[in-house]
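A.B. asks: Start from the sequences, fold in the hints, and give me the full structure.
Reading the sequence shown from the start, the letters are residues 1 to 286 in UniProt numbering.
Hints are computed from structural coordinates only; laboratory data are not their basis. Quick caveat, the model's predicted, so the values are computed rather than measured. Please note that a few of the clues may not be correct.
20 Å max Cα-Cα, derived SDA-like pairs, lysine to any residue [unchecked claim]:
# : residue 1 : residue 2
1 : Lys136    : Thr110
2 : Lys127    : His88
3 : Lys67     : Met125
4 : Lys227    : Asp108
5 : Lys43     : Ser190
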Amino acid sequence: MLRFGRVMLGLALGGMVLGGAVYGQVFSKPLGATAQEKPSYLKGAGIVERLNQPLPLSAQFVDESGKTVALGDYFHQKPVALALVYFHCGMLCPQVLHGMAVGLKGADFTVGKDYDVVVASIDPMDKPEDAIAAKKEFLDTLGQTGPTAEAGVHFLTGEQPAITALSEATGFHFVRVPGPDGKMDQFAHSSVVMFATPEGKMSEYLAGIDYPVRDVRLALVNASHNKIATFKDLVILYCCNYVPSAGKYTVAVLRLLGFAAMLTLVGIGLMFYFLTRKRRTTGAAA
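C.D. replies: Okay, here's the thing in structure tokens:
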């Protein structure tokens, strides 16, 4: 028992050292790069986060099969991973969708069971056949097949009023720009994956084209109101904060130090408990 007590004390002290080390690491790293000034013709593009704001659930779109649907058809019991792209984009959009699929694959949830995916085109010229091709590539990258996956991933096209309503509700602003041939058939927009609650309210935004598995999993857990959380997820959520301005999760230093302190106290308490018990047992035997 004495040996056990020494081990517990070592673990407790290790928790204190670990907490201090993480504290130093977090504060030695910048949270994000300074934004560069945009060209004048791109001023309208960007993200204005609409956290907790409702989506236009009555907005009408067309799914990849050509069926007219309401956005609200996809909001019931599960959180939703949401992206706005356009399907004939040859640059940024495929990277966003690829990064989204990779992040969701690593998050280790089952699409159609634990969450749904909704990808909507911002270009009213996109057609269901464009959506079908994009959905197939997305599912291939996601690595999930079968009826459940098919029913959980939705690629939508729509007319301008529905697109505008969804864009405004999510704060996803874009502008038309000329392509290489001079035609105004390209769009300048941000690279972001968004998450919404089962009730259809905006929950989180993850910026960039590579979405860390941890952040994607936590975003889904948070959007689900912790319904799909494991104990490990809850511990990580306690020790991390979602930072809207950065579009990612960062370590909540004070919470982490508090958690380390709690482990330290538990370790010390167990050590003294077993030491006291051993002494009583030895005294009774004498």
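A.B. asks: Could you run down the list of hints and mark each one as holding or not?
C.D. replies: Against the structure, the hints:
no. : hint               : verdict
1   : Lys136 with Thr110 : 17 Å, holds
2   : Lys127 with His88  : 10 Å, holds
3   : Lys67 with Met125  : 16 Å, holds
4   : Lys227 with Asp108 : 15 Å, holds
5   : Lys43 with Ser190  : 12 Å, holds
In summary, this structure violates none of the numbered hints.
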